[in-house]
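Residue numbers (this note's numbering), protein chains in the order written: chain A, 18 to 227; chain B, 113 to 210.
What the hints contain is simulated information worked out from the structure, not anything from laboratory work. Some hints could be false.
[Stated by the list, open to error] Think about it this way: if two alpha-carbon atoms lie no more than 27 Å apart in a straight line, the pair counts; the simulated DSSO-like pairs of lysine-lysine are:
1) A:176 / B:181
2) A:123 / A:176
3) A:130 / B:176
4) A:130 / B:201
5) B:122 / B:163
6) B:172 / A:33
7) B:163 / A:33
8) B:181 / A:130
9) A:123 / B:175
10) B:163 / A:123
11) A:29 / B:163
12) B:176 / A:21
13) B:176 / B:201
14) B:163 / B:175
15) A:29 / B:148
16) A:123 / B:201
17) B:201 / A:33
18) A:21 / B:201
19) B:181 / B:201
20) A:225 / A:32
21) A:130 / A:21
22) A:32 / B:181
23) A:33 / B:181
24) A:123 / A:33
25) B:122 / B:176
26) A:225 / A:33
27) A:33 / B:208
28) B:175 / A:130
29) B:181 / B:122
30) A:29 / A:130
31) B:163 / B:201
32) A:32 / B:122
33) A:225 / A:21
34) A:29 / B:175
35) B:163 / A:176
36) B:181 / A:123
37) A:32 / B:208
38) A:123 / B:208
All of these numbers come straight from a predicted model, not from anything done at the bench.
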Amino acid sequence: MNSKSNYFEDLKIIKKVMEESSRFLSLSGLSGLFAGLIALVGATVAGLLIMNSRILLSDEFFTGLSSDGSGIHRALLITVLSLVLILAIGISVYFSYRRSLRQGLKIWTPVSKRLLVNLMVPLVTGGISIIILYVQHEWLLIIPAMLIFYGLALVSAGKFTYNEVFYLGLAEILTGLLCALFPVYGFLFWCFGFGFLHIAYGLIMYRKYE
Amino acid sequence: MKVSISGLNKLFENRIRLGIMSVLMVNNSYDFNSLKETLGVTDGNLASHLKALEENYLIKVNKKFIGRKPNTSYSVTETGAQLFRSHLKALEDIIKSQ
């Protein structure tokens with residue numbers, strides 16, 4: 018082997034080791050895709066369960082949500098949202114685990130721990146804020162808060178995985194801010210942010226890296 | 113320090129030492145077992161290369177206990193970071209010049 022190809026190999030090793038040790042590269046595009054689909058299915062179920070599907074597009078969604086007689090509806094909505102969340106997280110973990118096996122990479126590493134901490138701090142803060150908003154009957158701010166805190170979580174976790182996660186985070190934050198400006202369309206913004214954006218992101222990632 | 117005219121550092125000629133430095137350049141600190149897994153080397157092999165880097169003041173060792181288990185982690189020193197950067201630059205210059 019001549020020395021030049023040796024040096025070239027050295028550079029390749031440096032780059033590979035730096036990437037693998039500082040970024041979690043087993044995140045699967047499929048998890049984004051399925052999270053988006055689950056969100057849309059969840060939204061549809063919520064829509065059918067809670068209200069007449071033909072009023073989905075109108076602001077009656079929020080009159081439905083905030084009127085005093087709709088305690089059961091609210092509980093149902095929250096159940097559906099929680100199920101969506103649990104399924105989406107479960108599926109991302111499953112696909113990432115599967116991908117890490119295929120890549121021969123470990124899933125529980127110093128980087129994935131850091132990724133998780135950076136994801137969880139804004140996410141848990143958001144979760145608590147949403148509970149507070151709920152308790153204080155600030156219904157119109159709940160969906161914007163979901164989108165904004167989720168976006169912040171992705172932006173902060175993005176440093177430890179693919180750059181695309183960072184941009185997905187920015188898109189979620191933007192969606193959340195717009196939603197805060199036009200809160201009566203919260204349901205549509207929710208479907209866009211958690212459904213469409215995830216699907217688009219998942220497809221891009223899948224085609225690019227898998 | 114054993115630095116050749118081209119700026120390449122003899123210490124980094126070994127691939128395992130190169131790997132250790134690459135990990136520590138992009139992480140504040142990294143523990144022994146994770147280094148072992150990342151680089152795919154044996155205990156003894158990794159330990160001897162870590163020792164060499166430590167003796168040349170390129171990395172620092174932090175020993176602490178997590179519960180009752182000893183946990184050793186490593187981080188790069190100022191000198192280590194500088195030398196690695198010039199080594200990296202030298203490698204890139206060689207590739208570009210040919």
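How the hints compare with the structure:
1. A:176 / B:181: The given pair, whose Cα atoms are some 30 Å apart, is violated under the 27 Å limit.
2. A:123 / A:176: holds (19 Å)
3. A:130 / B:176: holds (19 Å)
4. A:130 / B:201: violated (31 Å)
5. B:122 / B:163: With a Cα-Cα distance of about 15 Å, the restraint between residue 122 of chain B and residue 163 of chain B holds, given a limit of 27 Å.
6. B:172 / A:33: holds (23 Å)
7. B:163 / A:33: holds (23 Å)
8. B:181 / A:130: holds (19 Å)
9. A:123 / B:175: Holds - the C-alpha atoms of residue 175 of chain B and residue 123 of chain A are around 24 Å apart, at most 27 Å.
10. B:163 / A:123: It holds: about 26 Å lies between the C-alpha atoms, which stays within 27 Å.
11. A:29 / B:163: holds (25 Å)
12. B:176 / A:21: violated (42 Å)
13. B:176 / B:201: Cα-Cα ~35 Å, so violated.
14. B:163 / B:175: Satisfied, since the Cα-Cα distance of roughly 14 Å is no more than 27 Å.
15. A:29 / B:148: Since the Cα atoms of residue 29 of chain A and residue 148 of chain B sit roughly 19 Å apart, the hinted pair holds (cutoff 27 Å).
16. A:123 / B:201: violated (30 Å)
17. B:201 / A:33: It holds: about 17 Å lies between the C-alpha atoms, which stays within 27 Å.
18. A:21 / B:201: holds (14 Å)
19. B:181 / B:201: Violated, at roughly 39 Å.
20. A:225 / A:32: Distance ~19 Å between residue 225 of chain A and residue 32 of chain A Cα, so the pair holds.
21. A:130 / A:21: violated (38 Å)
22. A:32 / B:181: Distance ~32 Å between residue 32 of chain A and residue 181 of chain B Cα, so the pair is violated.
23. A:33 / B:181: Violated. Residue 33 of chain A to residue 181 of chain B sits at ~31 Å, over the 27 Å cutoff.
24. A:123 / A:33: holds (15 Å)
25. B:122 / B:176: This hinted pair is violated, its Cα atoms lying about 31 Å apart.
26. A:225 / A:33: Within the cut-off at roughly 18 Å; holds.
27. A:33 / B:208: Given that 27 Å is the threshold and the Cα spacing comes to 20 Å, the pair holds.
28. B:175 / A:130: Answer holds: residue 175 of chain B to residue 130 of chain A is near 20 Å, not above 27 Å.
29. B:181 / B:122: Between residue 181 of chain B and residue 122 of chain B the Cα gap is close to 35 Å, so the pair fails against 27 Å, i.e. violated.
30. A:29 / A:130: holds (26 Å)
31. B:163 / B:201: holds (25 Å)
32. A:32 / B:122: Satisfied, since the Cα-Cα distance of roughly 19 Å is no more than 27 Å.
33. A:225 / A:21: violated (30 Å)
34. A:29 / B:175: violated (31 Å)
35. B:163 / A:176: Status violated; Cα separation ~31 Å.
36. B:181 / A:123: With a Cα-Cα distance of about 22 Å, the restraint between residue 181 of chain B and residue 123 of chain A holds, given a limit of 27 Å.
37. A:32 / B:208: holds (17 Å)
38. A:123 / B:208: violated (34 Å)
Of the numbered hints stated above, those contradicted by the structure are hints 1, 4, 12, 13, 16, 19, 21, 22, 23, 25, 29, 33, 34, 35, 38, listed in ascending order.
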